[in-house]
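Make the full structure from the sequences, and use the hints.
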Amino acid sequence: MELFEVKSEPLSLEDITKKVERREAGAITTFIGTVREWTKEKRTLYLEYQAYEPMAAKMLAQIGKEAEEKWPGTKMAISHRIGRLEISDIAVLIAVSSPHRKAAYEANEYAIERIKDIVPIWKKEHWESGEEWIGNQKETVPYPSGRPHL
Amino acid sequence: MELFEVKSEPLSLEDITKKVERREAGAITTFIGTVREWTKEKRTLYLEYQAYEPMAAKMLAQIGKEAEEKWPGTKMAISHRIGRLEISDIAVLIAVSSPHRKAAYEANEYAIERIKDIVPIWKKEHWESGEEWIGNQKETVPYPSGRPHL
Amino acid sequence: MIKILLFAGLREEAGKSEIEIKADNLSISGLKQQLLETYNSLNLNGAMIAVNEEYATEDTVVKSGDVVAFIPPVSGG
Amino acid sequence: MIKILLFAGLREEAGKSEIEIKADNLSISGLKQQLLETYNSLNLNGAMIAVNEEYATEDTVVKSGDVVAFIPPVSGG
Numbered sequence: 026m027e028l029f030e031v032k033s034e035p036l037s038l039e040d041i042t043k044k045v046e047r048r049e050a051g052a053i054t055t056f057i058g059t060v061r062e063w064t065k066e067k068r069t070l071y072l073e074y075q076a077y078e079p080m081a082a083k084m085l086a087q088i089g090k091e092a093e094e095k096w097p098g099t100k101m102a103i104s105h106r107i108g109r110l111e112i113s114d115i116a117v118l119i120a121v122s123s124p125h126r127k128a129a130y131e132a133n134e135y136a137i138e139r140i141k142d143i144v145p146i147w148k149k150e151h152w153e154s155g156e157e158w159i160g161n162q163k164e165t166v167p168y169p170s171g172r173p174h175l
Numbered sequence: 026m027e028l029f030e031v032k033s034e035p036l037s038l039e040d041i042t043k044k045v046e047r048r049e050a051g052a053i054t055t056f057i058g059t060v061r062e063w064t065k066e067k068r069t070l071y072l073e074y075q076a077y078e079p080m081a082a083k084m085l086a087q088i089g090k091e092a093e094e095k096w097p098g099t100k101m102a103i104s105h106r107i108g109r110l111e112i113s114d115i116a117v118l119i120a121v122s123s124p125h126r127k128a129a130y131e132a133n134e135y136a137i138e139r140i141k142d143i144v145p146i147w148k149k150e151h152w153e154s155g156e157e158w159i160g161n162q163k164e165t166v167p168y169p170s171g172r173p174h175l
Numbered sequence: 118m119i120k121i122l123l124f125a126g127l128r129e130e131a132g133k134s135e136i137e138i139k140a141d142n143l144s145i146s147g148l149k150q151q152l153l154e155t156y157n158s159l160n161l162n163g164a165m166i167a168v169n170e171e172y173a174t175e176d177t178v179v180k181s182g183d184v185v186a187f188i189p190p191v192s193g194g
Numbered sequence: 118m119i120k121i122l123l124f125a126g127l128r129e130e131a132g133k134s135e136i137e138i139k140a141d142n143l144s145i146s147g148l149k150q151q152l153l154e155t156y157n158s159l160n161l162n163g164a165m166i167a168v169n170e171e172y173a174t175e176d177t178v179v180k181s182g183d184v185v186a187f188i189p190p191v192s193g194g
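Protein chains in written order, with the numbering used here: chain A, 26 to 175; chain B, 26 to 175; chain C, 118 to 194; chain D, 118 to 194.
The set of hints was computed from the structure by calculation and includes no laboratory data. All residues carry an ideal CB built from backbone N, CA and C; glycine is no exception.
Keeping only pairs whose Cα atoms sit at most 30 Å apart, straight-line, the calculated DSSO-like set for lysine-lysine is:
| id | chain 1 | residue 1 | chain 2 | residue 2 |
| --- | --- | --- | --- | --- |
| 1 | A | Lys44 | B | Lys65 |
| 2 | B | Lys65 | A | Lys95 |
| 3 | C | Lys120 | C | Lys139 |
| 4 | A | Lys127 | B | Lys65 |
| 5 | D | Lys139 | A | Lys83 |
| 6 | A | Lys127 | B | Lys95 |
Computed Cβ-Cβ distance ranges for the label pairs, DEER-style:
| id | chain 1 | residue 1 | chain 2 | residue 2 | range |
| --- | --- | --- | --- | --- | --- |
| 7 | C | Met165 | A | His125 | 23 to 31 Å |
| 8 | C | Ser146 | B | Lys65 | 33 to 41 Å |
| 9 | B | Arg48 | C | Asn162 | 47 to 55 Å |
| 10 | B | Lys127 | C | Val184 | 34 to 42 Å |
Residues of chain A clear of chain D, computed beta-carbon distances all greater than 12 Å:
| id | residue |
| --- | --- |
| 11 | Pro35 |
| 12 | Glu46 |
| 13 | Trp63 |
| 14 | Leu70 |
Next up, the structure:
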């Protein structure tokens, strides 16, 4: 049972929640990132995720370690899916258990922000009008062909 | 399919997540409140939840309405269980979907805080050494017999 | 008749979950006084009040047929 | 031999996911120069660098047998 994983198979919310359940932890938060059909006026047909797999799994585990240091008593699990994903498919799952709810929320949100900063995973949007590797970690400025605005 | 409910049957994370799923919402947060075995040095054997059921369901719906006004575009569902609950049983589930993750986290945390303020539901702790209705909505100052410190 | 609902610790103190009081056009504080004549050990001071499933205040006036709930500090979630 | 890994847009620009370069004791910036001699359209400026699966900097020195990954801005989550 890997707490931090990158895989091609569908992700299960039930499974990841079980990974962090503990009798002393009364609060669990989960984050479910799904493939959105509409981003502003643009319609996504499907997505493709690519990862530098061994390093991505390591970085996810590092995020978990960071969170457990910042919020002692929390336990985290993260799964990220790669390959082709359809609309509404789950791309990422984050689960955090904690004796206290505040830490469970904060550590969870910390994790998704860190994923978008440091984990080597990329998504390619496929629209009716074309396709594009999304390159900005905070999803605000997509640029074509993996080439950032310099 | 009720978005806001108070019931005696076990709660399902899968079910409540489905209630808020939408193709335009790429982020879903859930909160799972479970029965904790240990609160500081005190060991809980089991809990009993009582509700003013029709009003509690109304208040949950009101929290959802407040959240949808504060965070436009979010959709919320809340289920609260009542009756006898064992350690690790789920007492409350909150799910929020949103096109953007920040709102999904914030609205979810708002909901659990509001539940602890305004929803007429009470829990009775059963310990080895006795039992007690917990009376302070933020769980910081339990008092015996439903009688607050005045 | 005004129906009074009790919960949690208050229910245990009173030994019942519902009490009916013959009254009409009475403020909540008046109702409390009347209730305490019979149930003098009930501690209603920390409780919020709901009339017909909506939160109300001490000076809310209730009529016959209304349902008044005394809501001790809540502890759900 | 230093193994170079390319991802996402960089992989498509180069038309391959791995490139091997004969080199030893070379800084990342030196490695980039050598790589651009063959793949002159590759835009490496926005990419982070990892050496053996750990983030590294331009002046990190790599040896034969090391794996260097060019990591364009990430977009997981």
